[in-house]
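*Asks:* Sequence:
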Amino acid sequence: MSDKTPSPLDDAPAEIKLAVDLIYLLETNEIDSDTALKAIKIVQNDLENKLALEKDKK
27 MSDKTPSPLD
37 DAPAEIKLAV
47 DLIYLLETNE
57 IDSDTALKAI
67 KIVQNDLENK
77 LALEKDKK
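Just so we're aligned: 35 in our numbering is position 9 of the sequence shown, and the numbers increase by one with no gaps anywhere.
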């Protein structure tokens, strides 16, 4: 039997869980904050473009 204490993240929305994972990844790899923000902006632009393309296909 497992007596694992539930984490507050267990019931968190998927975007919160992903954000926590990304923060952990950036911190454990000692990524500079400025570099991380620039990369996140690139990712955001890419995802927004993909969403726009998906919307156009509908």
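In short, the hints are calculated from the structure, not lab data. From a predicted model like this one, the values you see are computed outputs, not experimental measurements. It is possible that some hints are incorrect.
Unchecked claim - Pairwise CB distance ranges (calculated): (1) Leu44 to Lys64: 18 to 24 Å; (2) Ala78 to Glu56: 31 to 37 Å; (3) Thr31 to Lys67: 35 to 41 Å; (4) Ser33 to Asn71: 18 to 24 Å; (5) Asp36 to Leu79: 32 to 38 Å.
We put the CB at the ideal spot given by N, CA and C, even for glycine.
*Asks:* Hints first: check each against the structure and report whether it holds.
*Replies:* Against the structure, the hints come out as follows:
1. The hinted range of 18 to 24 Å is satisfied by Leu44 and Lys64, whose Cβ atoms lie roughly 19 Å apart.
2. Judged by the Cβ atoms, the range 31 to 37 Å given for Ala78 and Glu56 holds: they are separated by roughly 34 Å.
3. In this structure the supplied range 35 to 41 Å holds for Thr31 paired with Lys67, their Cβ-Cβ distance being about 37 Å.
4. Separation of Ser33 from Asn71 is about 32 Å and departs from the stated range, judged on CB atoms against 18 to 24 Å.
5. The hinted range of 32 to 38 Å is satisfied by Asp36 and Leu79, whose Cβ atoms lie roughly 34 Å apart.
Hint compliance for this structure: hint 4 alone is broken.
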